[in-house]
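Asker: The residues making up each chain are set out below.
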Amino acid sequence: MADLTMTTEDSTPAPLLPVRKSRLAAMRESDLAFSFRSHPSAIFAACLLALVALTALFAPWITPQDPYDLAALELWNAEIPPIWNVDGQWPYLLGTDTQGRDILSAILYGSRISLIIGFASVMVALAVGLSLGLVAGYFGGWIDNVIMRLGDVLLSMPFILIAILITAVATASLPTGLKDVLAAPILIFAIAVPSWVQYARTVRASAMVERKKEYVQAARLIRVRSWRIMLHHILPNCLTPILVAATLNFGLAILSEATLSFLGVGMPPDQPSLGTLIRIGNQYLFSGLWWIVVFPAVQLCLIVLSVNMIGDWLRDALNPKLR
Amino acid sequence: MTTQTQDSLIEVRDLEVHFNVGSGTLGSGNARRLRAVDGVTFDILRGETLGLVGESGCGKSTVGRALLRLTDPTAGRVLFDGQDMGRLGRTALRKMRRHMQMVYQDPYASLNPRMTIGDIVGEPLTVHGIAKGAERERRVADLLELVGLDASAMTRYPHEFSGGQRQRVGIARALAVEPDFFVLDESISALDVSIQAQIINLLKRLQRERELTYLFISHDMAVVRHMSDRVAVMYLGAIVELADSRRIYEAPRHPYTKALLKAVPVPRVEGGKKATIEGIKGELSSPLEKATGCRFRSRCPLAEARCHTEVPLLRAVEKGHLTACHLA
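Protein chains in written order, with our numbering: chain A, 1 to 323; chain B, 1001 to 1328.
These are computed hints drawn from the structure, not numbers from a lab. Among these hints, one or two may not hold up.
Said to hold, decoys possible - Covered, in the sense of this in silico footprint (three residues per stretch, anywhere, with C-beta under 8 Å from a C-beta of chain B), are these stretches of chain A:
id	stretch
1	40-54
2	219-228
What the hints assert, rightly or not - Derived SDA-like pairs: lysine to any residue, alpha-carbon spacing no greater than 25 Å straight-line:
id	chain 1	residue 1	chain 2	residue 2
3	A	K212	B	T1309
4	B	K1132	A	H232
5	A	K212	B	Y1108
Stated by the list, open to error - Sample of chain A residues lacking proximity to chain B, with all beta carbon distances greater than 12 Å (derived):
id	residue
6	L70
7	E79
8	I83
9	W84
10	P175
11	Q198
12	V216
13	T259
14	P268
15	A297
Think of the CB as a built atom: it goes at the ideal place given N, C-alpha and C, for glycine as much as any other residue.
Construct all of the structure, not just a fragment, from the sequences and the given hints.
Answerer: Structure, rendered in structure tokens:
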């Protein structure tokens, strides 16, 4: 109290507004940052994910070849084992496939596609789920019923079945040229459709609690418009569980994408994701060319593992009961 | 029935607020109506503080919320400055609401934890297009100083403040739209006694400086006495007594008011006579049934046959002193 009500006695007038702490400084001092620093597994996972993301992002500059430029592929470089093998050859660190494609380059390019599709589908699902959940939780009544029953219907079908249905129908109805161009957007949509429900449910539950609080009433009394109350007042107070769900779902989305691609309804072989690489490599597993399938699979595991580790840490760090 | 000699800011006429309770699963038809407010009539005079007291669940908060249209009345009228709020369109109601604000009970729930104090107090300015940019910041700083906070509070978050300070922020937010009328719904009940006094003094100063009219809702008889010009006592959704503050405390006429005053703990001086506190005996009648007689009869020591069959109406027993009791 004292420091607040004290007035400055100096001749110079106190500045009206004290300088706001910079965002970065505030972040460094936050509880979350502290928790992060004291969790080695979270640091490890974050470093791993950052490494994967950066190498995927800069793949064209660090890989020895563009694995999808057919002109760069030479058949006499085919089926080279990894570098530590006696037959290994520089610069093919992880060996090459049956067409002379560098596996490491393919993995980095594939990770890029996998990460983009995973991230984008989470974003789409978040946008849909947050808006519908907020509306359902804030307004209640029939609109809540319609939205949540729709969600229940989606949840009553297996996730992968809906995704396969969407990609199958979309690819069957599109002309060949368009099919490849739209492969990624279709996959993003197919993964987002069944997964928005979880966000909608989470945010609806929080919104129903928040809207009864007095600060929301106060905002209504000031005549803040409904959409502004939802976005400025309720949403920021519902974000904690959403952040955790989104992180864990990011890992799931990457896995879903890999599953769909492995089943052949995902990314086409000329722009393969990790799932496509695993599907292709799977055929050579028993011909002794194990590196074609094992390394993409390891990369997929590392990505999902690190995402899940971050998600688990976030869940614990943001849970007030565990502090 | 009411004092019409002075200028009324708010006139409440036969206000009823009923809630549907226990609608049953799948609408199986055991829905019942809770008569939270069951026919209430009173005026609030310009510039006065009307205290509204009663035990928990008697409907006093619902009256306050109905005045602000946070709850829609089932029946009856609320006139603000002569205009019937029930007949106003959306835009007119929106304009009207600017003149009426509320200060809440819980200083922890009534401020958005994710907004800075500056944004909380400044939001009404933005929403009503009163000020923005530097002008808004200047106004927020003025408002904070008006309620006894330093302008530097602007960049901080609610969790950095004590209950009393938060309540000051809530008052600053309500003041931002320059209202004429405040509903103070248990606004100081959640605070420490020492802080209560500070906030009461702040509210009184603001009332003088800004010519505010207050509806002061509380269950604390002592605080109401200190705050109010007139006091209305509610019991089970109805006003049972309404009079000048002094008369209510010194010459109560309704047995419920008498019982309430007896239940106020009195500090005992060392060696003094031991004060007796009398609780109110008997069971509260159900607010789910329509009153067939006096609502207080089940707990009233004086109840007689008439009280069971005839609903007592609020009538003047003296000039400006209304009570709803057959025997008063």
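Asker: So, for every hint listed, does it hold in this structure?
Answerer: So, going through the hints one by one against the coordinates:
no., hint, result
1, 40-54, "violated (count 0)"
2, 219-228, "holds (count 8)"
3, A:K212 x B:T1309, "violated (40 Å)"
4, B:K1132 x A:H232, "holds (17 Å)"
5, A:K212 x B:Y1108, "holds (13 Å)"
6, L70, "holds (53 Å)"
7, E79, "holds (58 Å)"
8, I83, "holds (52 Å)"
9, W84, "holds (53 Å)"
10, P175, "holds (49 Å)"
11, Q198, "holds (23 Å)"
12, V216, "violated (8 Å)"
13, T259, "holds (38 Å)"
14, P268, "holds (45 Å)"
15, A297, "holds (42 Å)"
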